[in-house]
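The listed protein sequences derive, respectively, from chains C and Y.
Per the working numbering, the first sequence starts with residue 379, numbered consecutively.
Per the working numbering, the second sequence starts with residue -12, numbered consecutively.
Derived by calculation from the structure, the hints in this document are not laboratory data.
Be a bit skeptical, because a hint or two may be false.
[As the list claims (entries may be wrong)] If the Cβ cut is set under 8 angstroms, some of the chain Y residues that face chain C in the computed set are:
1) L36
2) V122
3) V164
4) D180
5) M233
6) S237
[What the hints assert, rightly or not] Derived coverage of chain Y by chain C (criterion: at least 3 residues anywhere in the stretch with Cβ under 8 angstroms from a Cβ of chain C; other residues may be distant):
7) 13 to 20
8) 28 to 35
9) 60 to 69
10) 204 to 216
Everything numeric in this text was worked out from a predicted model, so none of it was measured.
Glycine is no exception: its CB is placed at the ideal position from the N, C-alpha and C atoms.
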Amino acid sequence: MTPVGLLRVLALGWWFHLKMLARSAFNGVLQVLWPLFFATIAFLMYGLGRGDRALLYAAIGASVMGVWSAVSTSASGAVQRERWSGTLELLVAAPVPLPAVLLPITTAMATVGLYAMVATLLWGRFLFGIDVSIEHPLLFAASVPVTVLSIGMLGFLLSVTVVRYRSGWALGNAFELPVWLVCGFLVPIGILPDWVRPISWVLAPTWGVRAIRESALGGQPLPDLALCLLLGLVYLAIGVLAAESVLASARRNATLSLS
Amino acid sequence: MTALVNAARIFVFGGIMSYRALFHWLTPWILIPSFLVGPIAQILLFAYLGRSAGVASDEFFVIGNALQYAAIPCLFAMGNTIGDERQQKTLGIILSTPAPRVPLFLGRAIPVILNGWLVALFALVVGGLMFSIDVPASAYLPIVLVSLVASFSCTGLGLVGAALALRVRETAVLANVIFGVLLVFCGVNVPLDRLPDWMASVAQWLPLTHGIAAARSLADGASLASVAGEVGKEAAIGVAYVLIGMAMLSYFEWESRRRATLEVF
């Protein structure tokens, strides 16, 4: 497959799935509403206890929660969904490599999370008076898509690694809140037990949300942004290898369509 | 006498069969992440958020979130007992039988109440151990009882959701939204007296609010008699939602027959 052809598959696949997901009640509507419940609680709690700076911290973290929410449950069940729809065999038989089919799906899921991100910031602005002013607009504009892309790549890795788990969506659902916690979306990582920190370091959302915070509130987001992107590429590489291995196993054992 | 026995059979065996038929749930692949990992993750998130924001003690978040997580089975399983039947085209067959509706639908609620109760107890025990919550031994049994009442009242709301499943296509979305409303309004993570007045007023009419308040009082050393009022309110709210749910089921069944929309999506 030529690089141009690959890019075309990725771009068209992303656009195609973005349009489908945006029209889904679960992925398009609930994924916007769901993080708002948690953001509301966080705003109420920080509003009671810690003041404006903490509210700003929570507002930015809460806005990124939606991106991960949009990916965690849906990406974990992405392969299973294709299997249930009877399209998995067609996708595997196509000359396009399976990772090039799956990556746009999970990236589109992360992109849908942008709705939630905007909704959460507006929610905080108009209901709680949290005015998030952007200190470095250009870096903020770079941090958001890189974070979304990296979370999409994490979703891709999740989608291929949990493919043997019979109800992947349930497993992905169970990852939703722990990642919010461990990656410091709402709570500073410093107050978590020490053993949690190495886990947060290998998760791209940790660096993504830090980059977004630094670019919005003032700071040096570039190192965080670079780490976020680097981890995303690592997920991609591991995901491609895992996809090939899983696919070879499914072909060998004739289990592709078994659920 | 035969009618009574038949109703009892429908209530007990119909309920058990319906619950077992929720095979999407009755598998460790789903039960472990949804009912065991989920509540602990929620307790951890809010307990650390509470520490960070300096709002309340760990005990406040463990009890609030453990009881509130009973809403997952109470809302989702109850909604699915009707919604799944509708999607799999078996609801029409059930509703064409002369089976009395009260035991038919209430029988489906009993396993769901037990499910929600066990999830809440698991979360209370594990959350309590993780955060070293100090609860007097005399409060254990009363808290177990209050958890059961809270699961019952939440299942009442689940019955309303189940009735809406006769009209609404996306039952999972509906159950998630109701779960989110309970999480925000019921004083689970923000004390009721620190919520905006209108939210605290709404909370008085929702399941879980009074149950959570009673459990927290018990954990602080109050006697069961002193929280009887709260427990009574929780039970009364549950009964009210059950009645509303049954009325809605009856109305939507009648209307779906009239408009031939029972299996239309």
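Going down the list of hints, with the structure as the test:
{"no.": "1", "hint": "L36", "result": "holds, 5 angstroms"}
{"no.": "2", "hint": "V122", "result": "violated, 23 angstroms"}
{"no.": "3", "hint": "V164", "result": "holds, 6 angstroms"}
{"no.": "4", "hint": "D180", "result": "violated, 11 angstroms"}
{"no.": "5", "hint": "M233", "result": "violated, 27 angstroms"}
{"no.": "6", "hint": "S237", "result": "violated, 27 angstroms"}
{"no.": "7", "hint": "13 to 20", "result": "holds (count 4)"}
{"no.": "8", "hint": "28 to 35", "result": "holds (count 6)"}
{"no.": "9", "hint": "60 to 69", "result": "violated (count 0)"}
{"no.": "10", "hint": "204 to 216", "result": "violated (count 0)"}
Hints 2, 4, 5, 6, 9 and 10, counting from the list given before, are not met by this structure.
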